[in-house]
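Chains as they are written, first to last, in our numbering: chain Y, 2 to 114; chain D, 171 to 284.
What the hints contain is simulated information worked out from the structure, not anything from laboratory work. None of the values given here were measured: they were computed from a predicted structure. Glycine residues also receive a C-beta, built at the ideal position from the N, C-alpha and C atoms. Hints should not be assumed to be uniformly reliable.
What the hints assert, rightly or not - On the chain D side, residues computed to face chain Y include the following (Cβ under 10 Å):
1) 204
2) 208
3) 212
4) 213
5) 216
6) 227
7) 229
8) 258
9) 262
10) 272
11) 275
12) 280
Unchecked claim - Computed far set for chain Y versus chain D, every beta-carbon distance over 12 Å:
13) 20
14) 23
15) 25
16) 28
17) 50
18) 57
19) 77
20) 80
21) 88
22) 113
23) 114
Here are the chains, one letter per residue:
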Amino acid sequence: GENVEQHPSTLSVQEGDSAVIKCTYSDSASNYFPWYKQELGKRPQLIIDIRSNVGEKKDQRIAVTLNKTAKHFSLHITETQPEDSAVYFCAARRWGSARQLTFGSGTQLTVLP
Amino acid sequence: SQTIHQWPATLVQPVGSPLSLECTVEGTSNPNLYWYRQAAGRGLQLLFYSVGIGQISSEVPQNLSASRPQDRQFILSSKKLLLSDSGFYLCAWSTILAGVGEQYFGPGTRLTVT
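One chain only, chain Y, in its complex shape (with noise of 0.2 Å):
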């Protein structure tokens, strides 16, 4: 089955400055692979997905790159703010397939003020 590597566990970085945290799958035939964003004590929110057929996607400060020779994709943030600090899952699965993701074990991140 497939098993999705995280690092770093935490994460800790200065107001303004980049995130960048970073998985590995081992599925090859994997080819989605969404990031979750988790506030304490909320629910995992869906932040930003990307699909094999693209390197790289963008959102406003966050962005996802996937590099599928190497099997691994990373979630960058830009300008952080205090609001960013939480924990990000990243996971992946093969798009249209009933499988449920398999998740990576979680990255917390705190913005230090």
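Since chain Y is already given, all that's left is putting chain D on it; use the hints.
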């Protein structure tokens, strides 16, 4: 638009008592439904998923069970709770239509077993 509901929002139950958590989805048909558990400060553990009425797949053997009596209703149950069942229970849905496949989580139920 689609909405997912879970209740109750919080629950405190003694060890050995039964459990029933409910999840319903509005605004979509034939969704895939999922139950996850999240222990404090930990990741997302998939417990069950369902691709249709009466179709349940179990990911982790334990004292929990799931049922899907209606298309948009998913229930998580236990006959006797254990202390280790404490956690944040999240229901999620996704739909496999052309061009769609995102998965969305419900607001969760925080269960404390005492």
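So, going through the hints one by one against the coordinates:
For the restraint placing residue 204 of chain D at the interface with chain Y, the shortest Cβ-Cβ distance is roughly 6 Å, inside the 10 Å limit, so the hint holds. Hint status for residue 208 of chain D: holds, given a least beta-carbon distance of 9 Å to chain Y, under 10 Å. With a least beta-carbon distance of about 8 Å to chain Y, the hint placing residue 212 of chain D at the interface is held under the 10 Å criterion. The beta carbon of residue 213 of chain D comes within 5 Å of a beta carbon in chain Y, closer than 10 Å, and the hint placing it at the interface holds.
Taking 10 Å as the C-beta cut-off, the interface hint given for residue 216 of chain D holds, the closest approach to chain Y being about 6 Å. Interface restraint check for residue 227 of chain D: the shortest CB-CB distance to chain Y comes to about 9 Å, inside 10 Å, so the restraint holds. For residue 229 of chain D, the interface hint holds, since its Cβ comes within 10 Å of a Cβ in chain Y; the closest pair sits about 8 Å apart. Residue-level restraint check for residue 258 of chain D holds (minimum Cβ-Cβ distance to chain Y is 8 Å; threshold 10 Å).
Among the interface hints, the one on residue 262 of chain D holds; its C-beta lies about 9 Å from the nearest C-beta in chain Y, closer than the 10 Å criterion. Hint on residue 272 of chain D holds. Least Cβ distance to chain Y is approximately 6 Å, under the 10 Å limit. Contact between residue 275 of chain D and chain Y, as hinted, is supported at the beta carbon level, the nearest pair being about 4 Å apart and thus within 10 Å. Because the smallest distance between the Cβ of residue 280 of chain D and any Cβ of chain Y comes to about 8 Å, under 10 Å, the interface hint for this residue holds.
Every CB of chain D is more than 12 Å from the CB of residue 20 of chain Y (nearest about 19 Å), matching its label as outside the interface. The claim that residue 23 of chain Y is not at the interface with chain D holds, since no C-beta of that chain comes within 12 Å of its own (minimum 16 Å). For residue 25 of chain Y, the non-interface assignment is confirmed: its Cβ lies about 16 Å from the closest Cβ of chain D, beyond the 12 Å cut-off. Interface exclusion of residue 28 of chain Y from chain D stands, the closest Cβ pair being 16 Å apart, more than 12 Å.
The Cβ of residue 50 of chain Y sits about 7 Å from the closest Cβ of chain D, inside the 12 Å cut-off, so the non-interface label is violated. For residue 57 of chain Y, the shortest C-beta to C-beta distance to chain D comes to about 19 Å, beyond the 12 Å cut-off, and the non-interface label holds. Remark: the non-interface label on residue 77 of chain Y is consistent with the geometry, its nearest Cβ contact in chain D lying 20 Å away (cut-off 12 Å). Distance check for residue 80 of chain Y against chain D: the nearest CB is about 26 Å away, which clears 12 Å, and the non-interface claim stands.
At roughly 9 Å from the closest C-beta of chain D, the C-beta of residue 88 of chain Y falls inside 12 Å, breaking its exclusion from the interface. No beta-carbon of chain D comes within 12 Å of the beta-carbon of residue 113 of chain Y; the shortest separation is about 20 Å. Annotated as non-interface, residue 114 of chain Y keeps its C-beta farther than 12 Å from every C-beta of chain D; the closest such distance is 23 Å.
The structure does not agree with the numbered hints 17 and 21 stated previously, though it agrees with the rest.
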